[in-house]
Amino acid sequence: MIDKFREDVMTALDAVPSGASLAVGGFGSSGRPDTLLDALCDLDRRDLHLIVNNVGGDFTGVGRLLVERRIRRLTASFPVLPEFYDEYFAGRVEFELVPQGTLAERLRAGGAGIPAFYTPASAGTMLSDGTFTLRYAGDGGPAEYLPQREVRDFGGREHVLEYGIVADFGLVRAYQGDRKGNLRFHLSARNFNPVAGMSGRRVFAEVQQLLEVDELQPDDIHLPGVFVDDVLLASEASPKQATPAERS
Amino acid sequence: MTGTVPDAGVRGLSREGIAGRLAADLRDGYLVNLGVGIPLLVPRFIPPDAEVILHAENGVLGLGPAPPPGQEDPDLTDAGKQPITLISGAAIVDSAMSFAIVRGGHLDVTVLGALQVSETGDLANWYVPGRNPAVGGAMDLVAGAREVWAVMEHTDRAGRPKLVRRCTFPLTGRGVVTRVYTDLAVFHVADGQLRLKECAPGVPPAAIRERTAARYAEDL
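Here the protein sequences line up with chains U and S, keeping their order. So for the first sequence, my numbering puts the first residue at 1; every next one is plus one. So for the second sequence, my numbering puts the first residue at 1; every next one is plus one.
Simulated from the structure, these hints should not be mistaken for lab results. There may be inaccurate statements among the hints.
Distance windows between CB atoms, simulated [as the list claims (entries may be wrong)]:
1. U:Pro115 with S:Asp156: 29 to 35 Å
2. S:Ser14 with U:Asp214: 57 to 63 Å
3. S:His106 with U:Asp139: 45 to 51 Å
4. S:Phe45 with U:Phe59: 38 to 44 Å
5. U:Cys41 with S:Gly130: 28 to 34 Å
6. S:Ala190 with U:Arg72: 29 to 35 Å
7. S:Gly89 with U:Arg201: 37 to 43 Å
What the simulated footprint calls covered on chain S by chain U, stretch by stretch (three residues with Cβ under 8 Å from a Cβ of chain U suffice, anywhere in the stretch; the number is not a length) [what the hints assert, rightly or not]:
8. 13-21
9. 69-77
10. 89-97
11. 103-110
12. 155-165
Keep in mind it's a predicted model, so treat the numbers as computed, not measured. By construction, the Cβ of each residue, glycine as well, lies at the ideal position given by its N, Cα and C atoms.
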């Protein structure tokens, strides 16, 4: 019998070592797996590479990891939190800035066995020409740049080569999940969760409702359990309300 | 802050006026993405005989107006993370599908604010060097949408033209803009060339010429 439900979040997340890469669902605080992110803090994990669309607008979720200085590199399209930029310009966090659609497709591709693909997004811009600063030196100057993308012409338009992302772990949040790991999301809280779940080699899902197998109809499953390894109950202490400061 | 330029005698459209002028060009059945700023003023001016579907990057097809106070759902927001409602017939997709719709040419129009637009349709709107860089979906939207409509004041706060020969701010996309709506005029970009199509009411073509650094053809 497959039963992926785990009672204890800390015991399950203990499998994530410091230094790991993590693909994280959510768009701001909407659909963000704060129970899992809090567990990483409580387990004192550090030097993490987070792949997530936003840091968010406050010190919860990814923002908590940031202010506790647990992030080595952020791959994101729209960080938001001002304190993130303080860390970036001080050279304490690397920042791989990626167009939002490219980020979503890189996660999807990584989970789909597509090592790389061409997209027109960012062609002819500083996100593809090797002039965007990935890492600052302590003295404020650039220490390393985002690599220049390979460019190829398709149909008379420039496209850039982008690589699929296979993360060590995926962290997602779902509205409902069953013991086989099948997940169903709620409205726009779906966002990056399915692709974060595809990208991770081992995927943790926090669910707001745990269902028995067959309670979710096959046609209603957004991410099948084949992508999910561990199902945990979300702590409803997770803040969900967006703040006006969050923009994307 | 309205769209007036410092010189006396030329009064252009207000921000609402620009949004209203742009909205008049939206057609029944269009799928449209609206950026922040003036573009967010567009929905209230969409003609009643045009059903326009609004797309949000976080996977919403069919955004409705903001909910009444107390009825916000934290699981239902737009790309600015503000609470929304859904229109009848709306659909929700994940982020990869949302941008497949954008890149795949299924989005009719993306309406974005602009720092600068060049005479060949280059757009700069994502980053002011020295400030905090963030791109969101802007580069995917301008690369993928069938039409890219830039909406902005004709000049910046210091009175400098925002329609320029070459953008000095970092580019969002090269040769991507198809139309520009300002407080003073409407321009189209055709065959890589900027064309003045329309002057705002009471604005003479000479006033536009004075406030535009980009070269353009008059095609009124």
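Here is how each hint holds up against the structure:
Range check, U:Pro115 to S:Asp156: Cβ separation about 44 Å, and the 29 to 35 Å hint is violated. For S:Ser14 paired with U:Asp214, a C-beta distance near 58 Å keeps the hint of 57 to 63 Å intact. Look at S:His106 against U:Asp139: about 47 Å separates their beta carbons, and that is inside 45 to 51 Å. Distance hint check: the CB atoms of S:Phe45 and U:Phe59 are about 39 Å apart, consistent with the given range 38 to 44 Å.
Taking 28 to 34 Å as the suggested C-beta distance range, the pair U:Cys41 and S:Gly130 conforms, at roughly 32 Å. With their beta carbons about 48 Å apart, S:Ala190 and U:Arg72 fall outside the hinted range of 29 to 35 Å. Between S:Gly89 and U:Arg201 the Cβ separation comes to about 39 Å, which falls inside the hinted range of 37 to 43 Å. Under the rule that three or more residues need a Cβ within less than 8 Å of chain U, the assignment of the stretch 13-21 of chain S is violated, with 0 such residues.
Counting residues of the stretch 69-77 of chain S whose beta carbon lies closer than 8 Å to any beta carbon of chain U gives 6, which reaches the threshold of three, so the coverage claim holds. Taking a C-beta to C-beta cut-off of 8 Å, the stretch 89-97 of chain S contributes 5 residues in contact with chain U, enough for the three needed, and the coverage statement holds. Counting residues of the stretch 103-110 of chain S whose beta carbon lies closer than 8 Å to any beta carbon of chain U gives 1, which falls short of the minimum of three for the stated coverage. Taking a C-beta to C-beta cut-off of 8 Å, the stretch 155-165 of chain S contributes 0 residues in contact with chain U, too few for the three needed, and the coverage statement is violated.
In this structure, the hints that do not hold are numbers 1, 6, 8, 11 and 12, in rising order.
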